[in-house]
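K.L.:
Letter by letter, the chains look like this.
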Amino acid sequence: MTAIETKHLTKRFNEEVVAVDRLDLRVTEGEVFGFLGPNGAGKSTVINVLLDFVRPTEGDVTVLGYDPTTDAEQIRRRTGVLPEGASLYARLTGREHIGWVARANDATVDVDSLLSRVGLSSDEAGRAVGDYSKGMRRRLALAMALVGDPELLILDEPSAGLDPTGMQEFREIIRAEAGDGRTVFFSSHILGEVEAVCDRIGILNDGCLVATGTPDALRSNLDLGGTISIDVAYVPDALALNAIDGVEDVTIDESTITATITDSTKKIEVISELDEHTRILDITSAETSLERLFNTYTSSSREDAPAVDNEIGAAEVGVKR
Amino acid sequence: MSVRAVVSKDFLDARRAKIVWFVGIHYMLLIVLFFLQVRLGGAEGAPDLLVALWNMVFIGAVFVPAIALVTAYLSIAGERESGSIKHLLSTPVSRRDVVLGKYISRAGIVAASLVLGFAIAAVLAVVWFDSLYAAVFVRIAALTTIYALAYVAVAIGISAVTASRSRAMAGALGFYLLTNLVTLNDDISGLAGIDYVLNTVLGLGVGEDLIQFVGMLTNPARAYLVATIGVFPDGRLETMDLPEPSELSWYVQPEVAAVILGLWLILPMLVGIRQFERAAVS
Numbered sequence: 001m002t003a004i005e006t007k008h009l010t011k012r013f014n015e016e017v018v019a020v021d022r023l024d025l026r027v028t029e030g031e032v033f034g035f036l037g038p039n040g041a042g043k044s045t046v047i048n049v050l051l052d053f054v055r056p057t058e059g060d061v062t063v064l065g066y067d068p069t070t071d072a073e074q075i076r077r078r079t080g081v082l083p084e085g086a087s088l089y090a091r092l093t094g095r096e097h098i099g100w101v102a103r104a105n106d107a108t109v110d111v112d113s114l115l116s117r118v119g120l121s122s123d124e125a126g127r128a129v130g131d132y133s134k135g136m137r138r139r140l141a142l143a144m145a146l147v148g149d150p151e152l153l154i155l156d157e158p159s160a161g162l163d164p165t166g167m168q169e170f171r172e173i174i175r176a177e178a179g180d181g182r183t184v185f186f187s188s189h190i191l192g193e194v195e196a197v198c199d200r201i202g203i204l205n206d207g208c209l210v211a212t213g214t215p216d217a218l219r220s221n222l223d224l225g226g227t228i229s230i231d232v233a234y235v236p237d238a239l240a241l242n243a244i245d246g247v248e249d250v251t252i253d254e255s256t257i258t259a260t261i262t263d264s265t266k267k268i269e270v271i272s273e274l275d276e277h278t279r280i281l282d283i284t285s286a287e288t289s290l291e292r293l294f295n296t297y298t299s300s301s302r303e304d305a306p307a308v309d310n311e312i313g314a315a316e317v318g319v320k321r
Numbered sequence: 001m002s003v004r005a006v007v008s009k010d011f012l013d014a015r016r017a018k019i020v021w022f023v024g025i026h027y028m029l030l031i032v033l034f035f036l037q038v039r040l041g042g043a044e045g046a047p048d049l050l051v052a053l054w055n056m057v058f059i060g061a062v063f064v065p066a067i068a069l070v071t072a073y074l075s076i077a078g079e080r081e082s083g084s085i086k087h088l089l090s091t092p093v094s095r096r097d098v099v100l101g102k103y104i105s106r107a108g109i110v111a112a113s114l115v116l117g118f119a120i121a122a123v124l125a126v127v128w129f130d131s132l133y134a135a136v137f138v139r140i141a142a143l144t145t146i147y148a149l150a151y152v153a154v155a156i157g158i159s160a161v162t163a164s165r166s167r168a169m170a171g172a173l174g175f176y177l178l179t180n181l182v183t184l185n186d187d188i189s190g191l192a193g194i195d196y197v198l199n200t201v202l203g204l205g206v207g208e209d210l211i212q213f214v215g216m217l218t219n220p221a222r223a224y225l226v227a228t229i230g231v232f233p234d235g236r237l238e239t240m241d242l243p244e245p246s247e248l249s250w251y252v253q254p255e256v257a258a259v260i261l262g263l264w265l266i267l268p269m270l271v272g273i274r275q276f277e278r279a280a281v282s
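Residue numbers (the UniProt record's numbering), protein chains in the order written: chain A, 1 to 321; chain B, 1 to 282.
Derived from the structure by calculation, the hints contain no laboratory data.
Accuracy of the hints is not assured; some may be wrong.
Said to hold, decoys possible - Stretches of chain B that chain A covers, calculated by requiring three or more beta carbons in the stretch to come under 8 Å of a beta carbon on chain A:
#1 12-24
#2 73-86
#3 89-99
What the hints assert, rightly or not - Far from chain A by the CB rule (all over 12 Å, computed), these chain B residues:
#4 Leu-50
#5 Val-51
#6 Leu-191
#7 Trp-250
#8 Leu-270
#9 Ala-279
As the list claims (entries may be wrong) - Label-pair ranges, simulated between beta-carbon atoms:
#10 B:Arg-165 x A:Ser-121: 33 to 41 Å
#11 A:Asn-39 x B:Phe-22: 35 to 43 Å
#12 A:Met-1 x B:Gln-275: 54 to 62 Å
#13 B:Ile-120 x A:Gln-168: 54 to 62 Å
#14 A:Phe-13 x B:Glu-244: 35 to 43 Å
#15 B:Ser-164 x A:Asp-131: 22 to 30 Å
#16 B:Ile-120 x A:Thr-57: 50 to 58 Å
#17 B:Val-259 x A:Gly-126: 29 to 37 Å
#18 A:Asp-60 x B:Ala-280: 17 to 25 Å
#19 B:Glu-255 x A:Asp-131: 47 to 55 Å
#20 A:Ala-90 x B:Thr-218: 37 to 45 Å
The beta-carbon is built from N, C-alpha and C at its ideal position, and this holds for glycine as well.
Can you build the whole structure from these sequences, using the hints too?
P.N.:
If you want it as structure tokens, here you go:
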């Protein structure tokens with residue numbers, strides 16, 4: 001079953017600016033779909049179309065079988081939304097927020113247990129949202145999205161503005177809520193986040209979908225094995241690393257030898273080759289991170305490669321011996 | 001019922017924002033001060049309640065809408081600017097429900113404040129003046145409340161068609177200046193303007209009553225003032241320097257003015273709902 005489908009979805013602003021360009025997207029029921037792309041790629045515009053916040057210029061859209069332009073209320077009744085850049089009502093308490101959302105959804109909720117699922121205590125729930133930290137606001141907004149146990153969750157940049165610890169905790173909450181067969185449409189510009197949470201990823205760039213697939217599939221599709229860096233006591237004179245099949249590029253920086261490898265299984269050959277000629281002090285091996293993947297996909301279609309949060313996403317594994 | 005969800009949420013928010021206090025206190029002060037002014041200012045003997053009521057109508061025509069506009073002009077545009085409207089529209093409430101719910105909430109606050117103010121005024125009338133003129137009093141209270149709600153409708157309409165606070169403020173202020181300050185002074189009044197355009201510029205030779213009718217159609221303050229003439233007992237209007245309805249054409253009768261005032265309750269809302277349903281919220 002299809003949860004979200006767009007066919008040739010195009011959204012132009014002011015006739016010239018093309019925010020979304022003939023997008024074909026399909027999200028099946030029960031999957032956690034990561035909608036990945038740099039800021040300004042058109043992710044929020046797509047989400048705004050799904051919820052009928054803006055109307056598409058061309059193309060067909062269905063969400064849970066309904067057309068947003070005619071049956072938006074049916075969609076919203078079955079969908080929980082964590083919108084991006086939407087402030088809450090500073091004068092209302094957390095509990096009151098949940099209360100009116102429940103009322104608008106004709107749903108009954110156990111407010112305290114819902115809030116504890118997102119990590120807000122009942123003490124905090126009684127305070128006005130104006131006193132909340134950024135992290136507490138995002139938690140409350142997620143709890144509002146979960147009211148009425150929706151079939152579909154649409155999360156637009158859910159961890160925007162959170163610190164790394166907060167992001168980590170938030171990610172775990174989302175993973176728990178995604179567990180019970182619920183469809184999750186998760187937009188983010190942070191690779192580590194979608195990689196950690198999503199079953200399938202679509203990469204959006206300049207309003208076009210440039211790749212879709214599981215994180216593993218995307219990685220193997222590109223055939224990028226990764227890199228291995230080896231600290232040695234001294235650099236041997238005769239190095240035949242380039243001769244190994246699957247080793248692409250070798251650089252030597254003082255006592256560190258770095259090899260780029262297209263096939264991960266060849267890493268061990270690089271290590272044994274070096275072990276024969278020198279004394280190995282340390283080994284660092286890195287899988288191709290989605291970040292690199294992301295850059296590969298998105299920079300091919302435009303000159304200025306998108307800015308990516310560098311501190312997150314690199315799946316580095318240090319091996320000591 | 002999703003309108004109700006919007007109303008209860010908005011009312012709670014407005015209450016916390018002290019809007020209720022703002023409206024209630026201002027309307028009460030306004031009404032009490034009018035009465036006090038007539039009571040103290042009666043140089044030629046015992047002051048007359050009817051004169052006090054007409055004073056209240058005339059000065060109220062300027063101040064009542066100002067407070068009504070302030071109460072409601074940010075209700076939707078403010079939420080669009082802050083983005084909180086996305087939370088509202090992520091629930092099954094329709095755009096129409098949002099506009100209607102906001103109207104009911106703000107109109108309720110304004111109407112309740114006015115009713116309270118008039119209740120105090122009724123007590124003052126009995127204490128300070130010889131007679132209450134109950135029928136006149138109640139009708140003026142009702143017309144003033146409709147007048148205030150017409151401006152709430154205008155403010156909601158403006159708020160629904162604007163996407164930011166500054167534009168909503170410009171719209172509300174502009175509407176206020178165009179419909180109110182121009183009714184204060186006859187020489188620069190809206191009617192003089194209409195007369196100038198229709199007769200002097202276009203040379204249509206339009207009569208005084210027709211100009212008054214155009215004024216009523218385009219300006220709720222004018223419609224309110226004409227409607228209240230019908231409330232005062234015959235024979236008293238001349239002493240208050242007001243025209244007798246029997247001397248006027250049928251289309252500028254106070255009853256027609258009351259109907260036009262009623263239209264001002266509905267039309268701005270229809271425009272607001274229509275525009276907001278098509279608006280891009282992002």
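K.L.:
Check the structure against each numbered hint from earlier and tell me which ones fail, lowest number first.
P.N.:
Numbers 9, 12, 14 and 17, in rising order.
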